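Asks: Use the sequences and the hints to build the structure in full.
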Amino acid sequence: GEDVEQSLFLSVREGDSSVINCTYTDSSSTYLYWYKQEPGAGLQLLTYIFSNMDMKQDQRLTVLLNKKDKHLSLRIADTQTGDSAIYFCAESMQGGGNKLTFGTGTQLKVEL
Amino acid sequence: EAGVVQSPRYKIIEKKQPVAFWCNPISGHNTLYWYLQNLGQGPELLIRYENEEAVDDSQLPKDRFSAERLKGVDSTLKIQPAELGDSAVYLCASSLRGRDEQFFGPGTRLTVL
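Those protein sequence lines, which keep their order, are chains A and B. Just so we're aligned: 171 in the working numbering is position 83 of the first sequence, and the numbers increase by one with no gaps anywhere. Just so we're aligned: 124 in the working numbering is position 85 of the second sequence, and the numbers increase by one with no gaps anywhere.
What the hints contain is simulated information worked out from the structure, not anything from laboratory work. Treat the numbers as computed from the prediction; the structure is a model and nothing was measured. Be aware that one or more of the hints could be misleading.
[Said to hold, decoys possible] 30 Å max Cα-Cα, derived DSSO-like pairs, lysine-lysine: (1) A:187 x B:110; (2) B:50 x A:187; (3) A:187 x B:101; (4) B:50 x A:197.
Replies: Structure follows, in structure tokens:
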């Protein structure tokens, strides 16, 4: 079955790096995603990685994928107060807009 | 370009009453999704449409929930009758067929009293 797990809460100081972790159980996942949800808003896609990659960098965001351990992480460099939100990882079994299975979300709090 | 539009943003009803949510996807997006998000949880797919066809409704509780996308554009999700446990945020998303990025609306927060 599909199960995506995340730690519930992370607190960092402004300017530090944040690392949000995610584990998944389905080895047939083809795409893994990171979404950001601000209070009262829908989910915004931040980045995604194809399962045959082990790293992807996009400006302040770095995604690392360890397929052997089924572990995904999102690193945010130089974390800002505007990064405070809930971050969800999600997996899909196939590309092309198929079903996403989301984790429970990690609430990131950025302190001054 | 307008994003995914949902209405209402908030709805408070008493249990056993009916309720309906509306979603207008991004223009040109063939695929439309309805998700349920309980407090402190990630979204869970209720139903996925390709144009006007529901291609995955396996998670939709069909005894009380129904959905339609008659012309393959906007969609309505209905609950009748609502129960206390239906209190949640109902999210709509859309995507282009063959593309993985799903664009989410702001959601409708339902409170059942």
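Asks: Checking against the hints above, which ones are violated?
Replies: none
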